[in-house]
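Asker: Chain by chain, the residues run as shown.
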Amino acid sequence: MSILPYIDIGLALLVVGIAGTTIAARDQFAAVVGYVAYGLLLAFVWIRLYAPDVALTEAAVGSGVTGVLLITAGKRLGALKNPAPEAQPPLTLKLLIGVLAVLVAGALGAAILLLPDPPPSLAPEAAAAADSAGAGLGNPITAVLMSYRSFDTMLEKLVLILAVVGVWSVGADKAWGSAPAELRQPKATAPMVFLAQMLAPVGMLIGIHIFWTGANAPGGAFQGGALLAAMWMVIMMAQLAKLPRIDAQWLRVALVSGPAVFLIFGLAGEVTAGSFFAYPHSLAKPIILFIEAFMVLSITAALPMLVAGPPSERPDR
Amino acid sequence: MITLLNVFSITAISAGAFFFFAGTVGLLRFPDSLSRLHALTKADTLGLGLVALGLLPRADSALSALKLIVIWALVLLSAASTAQLIGRALRQSRR
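Going down the list, the sequences are from chains X and H. Note that numbering that gives the first Met the number 0 has the first sequence beginning at 0, numbered continuously upward. Note that numbering that gives the first Met the number 0 has the second sequence beginning at 0, numbered continuously upward.
Treat the hints loosely; a few may be bogus.
[Said to hold, decoys possible] Facing chain X, according to a computed beta carbon distance under 10 angstroms, are these residues of chain H, among others: (1) 32; (2) 34; (3) 36; (4) 79; (5) 81; (6) 86; (7) 87.
[Unchecked claim] Listed below are several chain X residues computed to face chain H (Cβ distance under 10 angstroms; list not exhaustive): (8) 119; (9) 122; (10) 188; (11) 191; (12) 193; (13) 205.
Please keep in mind that the hints were generated in silico from the structure rather than gathered at the bench. Just so it is clear, CB atoms sit at the ideal spot from N, CA and C, and this is done for glycine as well.
Required output: the full structure, derived from the provided sequences and hints.
Answerer: Dropping the structure here:
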């Protein structure tokens, strides 16, 4: 008899329980903490489903970076003056909202319950395609991401850049071009500086390792990039490095470098391999790693900029 | 020899699990944030250290054993630092 099914059931109950608490929490901070815990538990679920790649992404991005983003957003919202309590919405509106919510939930549930058996899957096709084009990559996930659905992967990075542009464009006209406000005010404390000095070098090494090992084992550009981004945030929180001005040339080049390099190689594939976003068979692995290196750079630049927020108009900068 | 190593693993991991349990009880039962912090960091660092120690003889290779130690060291570093940060924030909010 194995104990694993019981662990799985316990894990599932925990995830559902935490999800419920997160939604029901009246306090903003408690909800964010619940969300982070939910993400970490979800990472365990992915590990139990034999998807360590997804688990890494969930832990790094879904829980870690999003958690920081939500905490910062919550702090900024809390700093705003409380708006006057609005009048209660009328009962008909509440009912309408409830009915619509039930409809959406019902449609989603029906879609899952009415799946044909066996469910339609692109997995065999993707595996076959990844085998041919992602030759030399031991990790089929990376092969699928970078070769079978490379266009989607590039667009995902574009979405990140669009999000950064969106955040920046919320800043005041006067502040345009200046740096975002410091992540930690007014001054970093000694433990924070110590943590950054000790953790950042090791964390950067691990981030690069996760990217590099992604070719053959669980890992990859997004996971490695998220870790590097976290290290950059830690350094900026300890004020060991200043936040960059948003009109800095190097920052903008770093932001677009991932999708740009991806697109250049994709277009080159038309000539060298006979199709858009195809790679010559013998060079597939070095090309994929080369593109991924720039994607890591883009992600490392984009995620902290999302957290840092719009440029601030303080006169001292 | 194998039995001896197994006994060592089981003892260390059980002791680690006990410290996790004690830390959790402290986290739930202690009256104020500073004591809860004390329970959490002390018990968790020791608990994880014992679990890692118990897993060392079961590692496939020297490299994975090293990874276990690195994981423990990283948790040690971040737990100790964040405990300091939280403690400082508590003291400032009390003033």
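Asker: Hints first: check each against the structure and report whether it holds.
Answerer: Status of the hints after comparison with the structure:
no.: 1; hint: 32; result: 14 angstroms, violated
no.: 2; hint: 34; result: 19 angstroms, violated
no.: 3; hint: 36; result: 13 angstroms, violated
no.: 4; hint: 79; result: 8 angstroms, holds
no.: 5; hint: 81; result: 8 angstroms, holds
no.: 6; hint: 86; result: 9 angstroms, holds
no.: 7; hint: 87; result: 6 angstroms, holds
no.: 8; hint: 119; result: 39 angstroms, violated
no.: 9; hint: 122; result: 29 angstroms, violated
no.: 10; hint: 188; result: 6 angstroms, holds
no.: 11; hint: 191; result: 6 angstroms, holds
no.: 12; hint: 193; result: 6 angstroms, holds
no.: 13; hint: 205; result: 8 angstroms, holds
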